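Protein chains in written order, with my numbering: chain A, 1 to 353; chain B, 354 to 706; chain C, 707 to 1059; chain D, 1060 to 1412.
Just so you know, the hints here were simulated from the structure itself, not pulled from any lab data. Keep in mind that a hint or two might mislead.
[Stated by the list, open to error] Result set (DSBU-like, lysine-lysine): computed pairs, CA atoms no more than 35 Å apart in a straight line:
| no. | chain 1 | residue 1 | chain 2 | residue 2 |
| --- | --- | --- | --- | --- |
| 1 | D | K1148 | B | K607 |
| 2 | B | K661 | B | K642 |
| 3 | B | K495 | B | K442 |
| 4 | D | K1313 | C | K960 |
| 5 | B | K488 | B | K607 |
| 6 | A | K135 | C | K848 |
| 7 | A | K64 | A | K254 |
| 8 | C | K935 | B | K607 |
| 9 | A | K254 | A | K142 |
| 10 | B | K488 | B | K661 |
| 11 | D | K1123 | A | K254 |
| 12 | D | K1348 | B | K607 |
| 13 | C | K995 | D | K1194 |
| 14 | D | K1313 | D | K1194 |
Keep in mind it's a predicted model, so treat the numbers as computed, not measured.
Number of protein chains: 4
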Amino acid sequence: MSNNSLGIGVVGYGYWGPNLVRNFASNPSARVVCVSDLDPQRLADSRRLYPNLTTTCAYEDIIKNPEVDAVVIATPVHTHYELALAALKAGKHVLVEKPLASSADMARRLIDEADRRGLTLMVDHTFLYTPAIQKIRELLLKDELGQIYYYDSTRSSLGLFQRDVNVIWDLAVHDISIIHYILEEEPVAVSATGSCHVAGSPENMAHITLFFDSPCVAHVSVNWLSPIKVRQTFVGGSNKMIVYDDLEPTEKIKVYDKGITLNGTTEDAKEFRIGYRAGDMWAPHISTKEALQTEVEHFIDCACNGTKPISNGISALRVIEVLEAASRSIAQQGRPIVLKAPQQIWKRARATA
Amino acid sequence: MSNNSLGIGVVGYGYWGPNLVRNFASNPSARVVCVSDLDPQRLADSRRLYPNLTTTCAYEDIIKNPEVDAVVIATPVHTHYELALAALKAGKHVLVEKPLASSADMARRLIDEADRRGLTLMVDHTFLYTPAIQKIRELLLKDELGQIYYYDSTRSSLGLFQRDVNVIWDLAVHDISIIHYILEEEPVAVSATGSCHVAGSPENMAHITLFFDSPCVAHVSVNWLSPIKVRQTFVGGSNKMIVYDDLEPTEKIKVYDKGITLNGTTEDAKEFRIGYRAGDMWAPHISTKEALQTEVEHFIDCACNGTKPISNGISALRVIEVLEAASRSIAQQGRPIVLKAPQQIWKRARATA
Amino acid sequence: MSNNSLGIGVVGYGYWGPNLVRNFASNPSARVVCVSDLDPQRLADSRRLYPNLTTTCAYEDIIKNPEVDAVVIATPVHTHYELALAALKAGKHVLVEKPLASSADMARRLIDEADRRGLTLMVDHTFLYTPAIQKIRELLLKDELGQIYYYDSTRSSLGLFQRDVNVIWDLAVHDISIIHYILEEEPVAVSATGSCHVAGSPENMAHITLFFDSPCVAHVSVNWLSPIKVRQTFVGGSNKMIVYDDLEPTEKIKVYDKGITLNGTTEDAKEFRIGYRAGDMWAPHISTKEALQTEVEHFIDCACNGTKPISNGISALRVIEVLEAASRSIAQQGRPIVLKAPQQIWKRARATA
Amino acid sequence: MSNNSLGIGVVGYGYWGPNLVRNFASNPSARVVCVSDLDPQRLADSRRLYPNLTTTCAYEDIIKNPEVDAVVIATPVHTHYELALAALKAGKHVLVEKPLASSADMARRLIDEADRRGLTLMVDHTFLYTPAIQKIRELLLKDELGQIYYYDSTRSSLGLFQRDVNVIWDLAVHDISIIHYILEEEPVAVSATGSCHVAGSPENMAHITLFFDSPCVAHVSVNWLSPIKVRQTFVGGSNKMIVYDDLEPTEKIKVYDKGITLNGTTEDAKEFRIGYRAGDMWAPHISTKEALQTEVEHFIDCACNGTKPISNGISALRVIEVLEAASRSIAQQGRPIVLKAPQQIWKRARATA
């Protein structure tokens, strides 16, 4: 690390790359050295905003650049593995856009490479760094909700079809990473269904159920073909329940002091109305700090100090294992797939986290 | 039929019965003769509102009453079969609260009994008679949406647990009947997951995917343990898409002139942004006529004139077959269940509908 | 009072009368003896629901009926004075639909008559008995909001034009009574503007500003010609602010822990951004008890025990004085009208309240 | 104009200036030459984004710069007149942030100076260039709404107090300019009330009624001390009505095919329910083009070709005259102020527009 600041090389300046560059550029502990992209027009765009930037069409220029301490990869999913591996082999810390790689095997090889070299490998699961998800995790850690009954999320909108991954690798990946982060429990099986409405395109609509050893169940609904944008998550517990709407400008999280009470004595032949509590609703104030700013600070800290990232390789691998299992289930119209938790790696992750 | 009006006997005066009595009582072609319930207090309530009513704790009094031309059954699900069968055997037309019976076998026996005696057998799938669903069906029949891609519905709220049926028999039954009615296509397989969070209670949360021979897919999410009430349905087509929110007081249906256009020439390595059309939104005026009023008129017409009801025994059976298959899938964590369409009965239904 | 229950006679069975009858009928301390209306069809409707009811087209039958202890008046505004006066003179307690009378003079004469005879005179300012307004009053009494800066309310919808009163006597009357009730401060002047868009009809749209001795200001916007229904009130204080939306099914009141903090040291030539606090939002659970049920209980209690009603004659008079002043201001395009608080009467009201 | 592009100098780089610089910088027909601000930090910010920019703390450097063809002023309101006059005298076209000046007299002098020199004088009434307002104007021009009954707008939020102007000069100025633009009718009188809740600060809350010769009435409610942001405008007509919510991300404008029909024959003693039509609602697709981009294109076109701007000096003057009259009315608690339309200037405006 030269000049007391982390030298950053960014590969890919398409949809997400400019956000990464902007956040690294405004962080005083980092310095964006170089940007690469296959499209010269995008590189010209980047130079207009950051005149001191070196740009290149060859990502090798970044990986070989001795001023680059860390490589940030914001390219299509199918290129993640090759680029990240090359960067690690060149001794660079790596931050990869989600998902970490196209397969669990590839993810494992990246984890091994980073571990062997003592380098930071982090995946850009941006939502983990949003004030909203951090608040929800805080509420769950404080046991505000009681026993968690379910996580139920809908993430849909119109128009941004991906070419190399289906809708679960693009959208459900957010929820899988959130579920792991806030529930701190590993799913044991997954059932998923999906469908494709555009010939030659991957699935654009899917529904995933995750089973756990606990009574908790998680469901994720994703759709690239919705007339309106929806980003809504329900978390139900025995004491309280959360409705999290990421499209709300200010009151993103609403905590409902509602639930059921069991009334075992009713003799009603038709139905027993389980009693329900209906108390106050409370919307905690949520910081408006940009998630990517927090994430970039965290990555720099991890790279400089050797701390294990929150969204480390192992947690990225866990997400990919679920995505792979869900894809297999989709191909079999919902047949449940047992997730064989790779015990060795998990244990290592726990030990070092 | 005496006095030029249909004599009605109502069995069950709990949650839904009063609505049925009120609508039959205000229909000039019907006359509520008698109400039965096991709870004397409820009967007293009914007499307070309708002083000319005969009440009884014994449903046999209704079935034997020669002034009763038609029996309306609003009792717990597990009693439907026995009560409906007794009424049919006594020569009465029958309207049964949804679902028609606890099993497909029972439903088939009721259909046979009604057919043999030339009596009207109708199930109270109320939503089919709402102005909103009738408008959606009209839009689909006019091919306003183009090819139908999906039906995706969420139906959740807090507190009304049923004792003898799980949440899909209570809530998803609405969507299954709606799907059959508006899509006019039979699902060929179902995958469903569900969970129970109250010991000794049936499943209170479930997610169902229905597969069709066409590219259409249907998904239904139901939950008795949601902090807020949700009644929202998306219907996506190749030309337009509908968002139907039954909780909206006036603009229940919104039709979006939105969709995707394929742009095959892009060379973008990262993603191909399928083009999307974003046109006007349109909320057709929806009548505020109470669905049950329409349904009661329809039942009276069918009973008096021998017309086949929209929600006839066969369509009720189709719904139950899906519910049974979904329940089997839930027990196997989402394993898909093939729906063997009972061809003979279907054909008969088609022929007579 | 015969039979240990208050005998009730209801004059007027149009839009609001049935709600009054229903609530008195279900109160065990009252007994609806008789209903009058000029329209025989309405009387038939009432008999259908309440077969033991006596009905008449002549309100004198009610006033003369010795079984009637209290007369409830739900007729057009211009008839309130005459009917209420006759009832009081016959020794009956009186509950009158809002507003109490067509003019402050008439209201004063009714107050005097009731006082002289020791009878209860109450006006049906229903909103004062809603759980939402009672909660807001409670929050203000506990000084949760700090110094009150403003009350700003919008009340609009489409279609229910009144013939004998304009929109402020129909809709703003609610807000004026609420303002008096929750602020406990009398306005000292009023400026109002209004307009009429239907020839020969009274004003259908109006905006009223009320000035107080304190820095508080109140504004009320009412409209009979709005495409959508709005019932929204903002109450701003130095510590917290309330948004009350009466159309919300459950979270009617939201309390925002927001406000400004003064930052006097800024030297910015363009603007000084007064600092602002943005804290949590909180929606207290609101009971779903029907306001009219609470009001009817209160009226019965006042009539039986001689308690002063919350919405007594004096508070009704205060509302009418504001309505009259607002009407005068409307006629002069907003010219402010000073409200001469009738000191004697006020003092009496305070002394006895 | 050198280099076939309009040389732009921007005075003021605070809240709004950066948006102006960004839009001029991205317009191929313009070239931002120089930016001035009293705050060196802001100038450093501007240079970081636009490294080729000249910056200065002295606005005279801009006005004297021969490469500057047009001066864009984004400074506090009380400085507008002096800066704009100096720029015009130096032969520059001028675009001034709203409002044009602190008084109508100043505005008139600027108009005269620009006219005398044949220079473009334009005010940044940004809303006139939003796709939403242009769509509303289009609907009114096509007579979609029938006779216009009212314009009723609420514009409120928390926290951005201005030092040199009150809330009507800051927020209501938008509505006044919109009203003039879409109604194409001049108000004949104004009544306004306002209040100040921060000692030493201008009014932070106000309500304005504008009267017209036609039956149309306009009302504007503005508030700097609201717990939630509101940007909602109702436009009511005899045939249709519009609800325009600027905070909606996509469906900003909803057109309701609703209204009243007169039913003169009713004999109801209580009320005559004027009949009402309740038809479809329609939300026309609105372009997402940034208003400031359209405005900047228009300014460049006017400066280069001598076209009269939509938001020209005369229309800016009309707005200020209303603001001045409203301020006078506020000082007198709502007393109506007659607007003497300055006939000569109006006629000239009409002739040249």
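Checklist entry - Which hints from the list above does the structure break, by number from lowest to highest? => result 1, 3, 7, 11 and 13
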